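Novice: What follows is the residue order along each chain.
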Amino acid sequence: MKGFKPTIVAFCCHYCAYAAADLAGSLRLEYPSSIRIVEVPCSGRVEEELILHAFAEGADGVLVAGCLEGDCHFQKGNVRARKRVEYLRQLLTDIGLEPERLAMYNLSSAMGKRFAEIAREMTEKVAGLGPSPLRKGVEEA
Amino acid sequence: MIVAKPKPLSFLAEQLRPYRKIAVVGCETCMAVCLAGGEKETRRLSQALELERRVKGGASLLAIPLTVKRQCEYEYLELLGETLKEVEAAVSLGCGVGVQYLVTAFPELWVIPGLDTLLVGGPTALGVWEEYCRLCGECLLHLTGGVCPLTRCAKGLLNGPCGGASEGRCEVNPEVPCAWLLIYDRLRRFGKEDLLRHIAPPKNWRLAQGRGPRRLVKEEVRE
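Protein chains in written order, with my numbering: chain A, 1 to 141; chain B, 1 to 223.
Note that these hints are calculated values from the structure, not bench results.
Owing to the predicted nature of the structure, the values given are computational and were not obtained by experimental measurement.
Hints are all accurate, no fakes.
No farther apart than 35 Å at their CA atoms in a straight line, the calculated lysine-lysine pairs in the DSBU-like style are these: (1) Lys40(B) / Lys76(A); (2) Lys56(B) / Lys69(B); (3) Lys40(B) / Lys125(A); (4) Lys5(B) / Lys56(B); (5) Lys136(A) / Lys21(B); (6) Lys76(A) / Lys5(B); (7) Lys76(A) / Lys7(B); (8) Lys136(A) / Lys83(A); (9) Lys83(A) / Lys69(B); (10) Lys113(A) / Lys83(A); (11) Lys40(B) / Lys136(A).
Looking at chain B on its own, in the form it has when it is part of the complex (with noise of 0.2 Å):
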């Protein structure tokens, strides 16, 4: 899943100072896992931002919270339109992917982010969500017996250990457990040390970062 944080209501509440009728925008698939714009969360903003409004004053704010299935596809967001085309702008709490699909299916209308998308991966307890997947493009986690080294190696080392870890931590941040230490683990548990002796050639960066968007496509659904 995608994980994201909100951004400060002073932030928002500035953004919106000209605006006398928005809505906010949740999500209900990674953002609302992440606790960054589900249901509640866009209720809870919508009511914070026009309590701000009214104390810090001027004309009244009318914020309307609307939330749909996923933001990242026109179909659902197609439900929005009728009451979309009553507000003045809308602050999305979607993922960067989600405010970008607002834009596009709304053009009319001014949309502000109102959350910092940060990573890609899950929770690993209540209320702590941790990277683990890069989008690199090529995995390798048959290689490393499940355990990213690009994500949750410090250094992102592809042909690790560094030889800084400490009792099992890294030397760089000793809140996270030395990756390549979890991945010899992993492989000796299975018989599969040997795989440490292949050396991986230099990563194809390309897969990762290409000229503009990367794209997939399926072309046995594509019409």
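Next up, chain A with everything else stripped away, as it sits in the complex (with noise of 0.2 Å):
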């Protein structure tokens, strides 16, 4: 769709993408705007829930990003938040969403460059599946 500008939300990790985020914005790194950030302690905190809330509230896309494999600041919030990202792609699916709409992301705070890439590439594929079908219901109320 030409002139589509997704809104994706990311919840990121406190401990490494939060700080990605932060580095790519010293390192002066371009990154699509429709990226709306949110700390969170942990990836492991980002329950079903609030990803379904951020749907529900029109967003087009939901990225979760935290630390790498094996580097969890809490030990196994960053696996237990890509079971809960798996279950929920298939969640979407019976809903009637594309799972693509949502995503599972791992780096460390040392890694501002590909955050920015993360940015990029989850655009293009939100802005290539078009608006969530459920941003209508959101713009008119």
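Take the two lone chains, each set in its own frame, and fit them into one complex as the hints suggest.
Specialist: Here it is as structure tokens:
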């Protein structure tokens, strides 16, 4: 769809992705403004309900970004987050949304460049899918 | 505890198609522990049902999440009276008992089961639940060292072993340890191998499958 600019909510772990986004800023790396960052203490904090809420409020895509596997500050939070994301991708399919609208990424706080890449990758993917059908209801309300 | 698993979202969405305002009623006892119908699952299902309706189109759906301490007691269900008066239908995230109690407590309400009730058992690892009791009505765990052959032996043998186990695993399902080997190990540990010489007579299955629902009465507390 031409001219469509998606809104993507990015739940970013304080210990890695959030710091990586910060680094991307310090490095003056450009990434799409479609990304709306929500800082969380650990990707394991991101419950199913939170992700569904983002979609209910009209997000076109949601990404959860946690530490590299094995490096979680809370041991297993990022592994749990990945499992939840996998479960939710199935639930999104049942709801009637494309599962590609939700993704899990792992990175470290030193990966500012990777953060910018992820932001571009996710934006392109979601832009290709077009606006979320749930967006309409939110805009009308 | 009783263990259940969720029915598919598509099934519930289809059942709810005619309604615009519904309740999802969870249960904070067994169903919360087996992660099928506690507070979290009740809220998540309500959200998912509303989103499904928004995506698929049609009249909007309002799904109100409610949970009770135990769906199998009228005292707790009574607390829902006011809210349930306002809805057209309800999904019960209780076990089969919970669904039927909800139906009895609110005869005017159309209730849809949100779960498939599977077994009586317990968690054996995070995210894993296994059956431990067949509710046979006549416990024989004192003869078998506390391992139930009716439930845990794939053949339900009262007089085992069958001889088909290999490396301690059941020939029917190699994931399952041979219950009769477990029984033997337990009895040997306590020097009670002689119990294996006891030949169990045919079981009285009327205690498990009586005519109509089984019933327990405690006269000392009955009013």
